[in-house]
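Protein chains in written order, with our numbering: chain A, 36 to 414; chain B, 36 to 414.
What the hints contain is simulated information worked out from the structure, not anything from laboratory work. Among the hints, erroneous ones may be present.
Which copy is meant is left open, because identical chains are indistinguishable; a pair holds if it fits in one copy or across any two.
As the list claims (entries may be wrong) - Think about it this way: if two alpha-carbon atoms lie no more than 30 angstroms apart in a straight line, the pair counts; the simulated BS3-like pairs of lysine-lysine are: (1) K134 to K37; (2) K103 to K179; (3) K103 to K195; (4) K407 to K37; (5) K255 to K190; (6) K358 to K190; (7) K134 to K320; (8) K103 to K134; (9) K324 to K358; (10) K407 to K156; (11) K255 to K336; (12) K190 to K179; (13) K37 to K320; (14) K156 to K195; (15) K103 to K37.
Protein chains: 2
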Amino acid sequence: MKFIHTSDWHLGRQFHNVSLLEDQQAVLEQLIQYIQNNPVDAVIVAGDIYDRSVPPTVAIELLNRVVKRICGELNTPMILISGNHDGAERLGFGSEQMKNAGLHIISNFEDMLNPVVIQTKTAGLVAFYGMPYNDPEQVRFAYKEAVSTHDEAHKLLAGKITEQFQAGQRNVLVSHCFVDGAIESESERPLSIGGSDRVSHEHFLNFDYVALGHLHQPQKKGEEYIRYSGSLMKYSFGEQNQKKGFTLVELDQNGFVSAEHIDLIAPHEMRIIEGELEQVIEQGKTDPKHEDYLLVRLMDKHAILNPMEKLRAVYPNVLHLEKPGMLIGVEQEMAQAKLARSEIDMFRDFFIEAQDSHLSQEQDQAISDIIKQLSQQSQ
Amino acid sequence: MKFIHTSDWHLGRQFHNVSLLEDQQAVLEQLIQYIQNNPVDAVIVAGDIYDRSVPPTVAIELLNRVVKRICGELNTPMILISGNHDGAERLGFGSEQMKNAGLHIISNFEDMLNPVVIQTKTAGLVAFYGMPYNDPEQVRFAYKEAVSTHDEAHKLLAGKITEQFQAGQRNVLVSHCFVDGAIESESERPLSIGGSDRVSHEHFLNFDYVALGHLHQPQKKGEEYIRYSGSLMKYSFGEQNQKKGFTLVELDQNGFVSAEHIDLIAPHEMRIIEGELEQVIEQGKTDPKHEDYLLVRLMDKHAILNPMEKLRAVYPNVLHLEKPGMLIGVEQEMAQAKLARSEIDMFRDFFIEAQDSHLSQEQDQAISDIIKQLSQQSQ
């Protein structure tokens, strides 16, 4: 049997004030197309379905359409758990009523212990246990046991689940947590401060597969069958080199067989371009991916007028601009024994930018005099 | 066959900064008890399930529990439409997946034309058509027809629904609108300005029963079978004399048989008490309903120190205080040819309130002198 493991959709996310909804819709459409062409037994979303506990209406509508297509038209069960970004109770409304239609939203500990059991041809009965995102306090409250770390909480919950195992079933865990030693990305929200959010993968060894969410980079941890699928798409420039998509998992009667990463390509990729302004603009003129979401690092060492406007003429989706070149310039000058850039130097740069020519000797004298006067007045 | 018609639950409503959730839970518990003792074929909620488009989590949890009890445990289908207070898309998430479990949330025009058809013993097939709350613009956009008033919109939608009628079925309409000539209450939010929100009941004559929501007072309009159930409980002091609850509707093979109002009693009623402070406090000491939510109208004609504090010692849930007596006093005095209350008169009242005795002659003289001095200084 095969199922899709995906996570961290973050529907409704904004990135530098740009809505990513159309990109999210496009990659989800690729996911749906994949399922249409390659039927699977289930689709797992390991938390952070939405980006916020109160998601915008458009994000709810998008999830509704996706669910209609996958559960309804493609008749493929979906199993979702709440992540740290989701509002568990809000996400869980009506979950009892949705089950028979193949939509399983697991957002509380009660549902966690009632697995979704799917009959498959090649792996027999496969039980999917969804562990909603939780913190030690919630576990302490629910089970009245002394639990003070995420690790202890997950150990206890994994134990409770293991007690439910039925002979002859494969067991899949779906969990949203930070497995110790795994690699972080920029776009994750910390679960707690100071590393107390880390969970040992050893609590999960009894399962045939562990479908993890939270970390945005696809990776395995400890065992081949303990995996993060990574997020649906890139959610920070720091993820520019990460492969995004989903994990296709295969199980048989003996358990884990394989896990394969399948790419999903967002219409707008997130990437970083470095170079001097002229060079970046020149390259943009023939860049087929000129609509990508960009962070541009300008290496120019002199001041530039309206760089964003100039860049956006060729790269319309420059979302962020860095000017480390300017800093390097400043640092070098600082080092060159107080040869710091004076106001007149700055103005000369500005004039070149604005007028495309140098100041005449007369103009240079005039502006120098004005700056001198102003500087005397202010002393 | 019998069904329950209810509307305007407004879950999550605050009243004078007090959460009404516990009261809402209590009256819904009465509703559930009623169904348990008197099984019905369906429960209709004609809009304004929630008080806000983004309801608080506790309101969502309450609705979830109610749905679990009614649809799940009592196996009774529920048909809900969105009202003007609800966020239609938000409320409608997963509605496709909930249908088979007997939870029908109708929040768009597509679902409006697919009735919930229930097989009954005494009335055969009964088709429930839910018309979500809508305004002329939405109807214009959806049907590309020139519609500029609520009346035209509802005429068009009722016509579309009528086209779906199947021979041999009873037809029930569920709608959230303001039927022309019906009686408003204080706690409804206007649908539009200047009366253009009114809808003629004549568009609804073809139905066997019309379950209306929006107006908070139970009432019929035009025909016995065109009815508002009224809100679940009182939502303003102006509704103190309204009977709150739900409507029990009976249909048979020939259509409408009867509609009966069944009371639901909130733990805290909303009511208005009028009287002088001492009198109200005396009455409160033996009032078995002293925990009601109260508006107190104090008829005293002199100033009173800390009346709220004094009242709350016997009536802990005084939510609002009016002092028309003070105004009457002031008006009378104004009329009595400038015998307006002086500062010394005010202070004498205050002293009686604070010390429970009159100023001695000496004290009266002293305070009069001080007031005179101050008044000279300020001139």
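Margin query: Could you work out which of the previously given hints the structure breaks and list their numbers from low to high?
Written below: 4, 6, 7, 10, 11, 13
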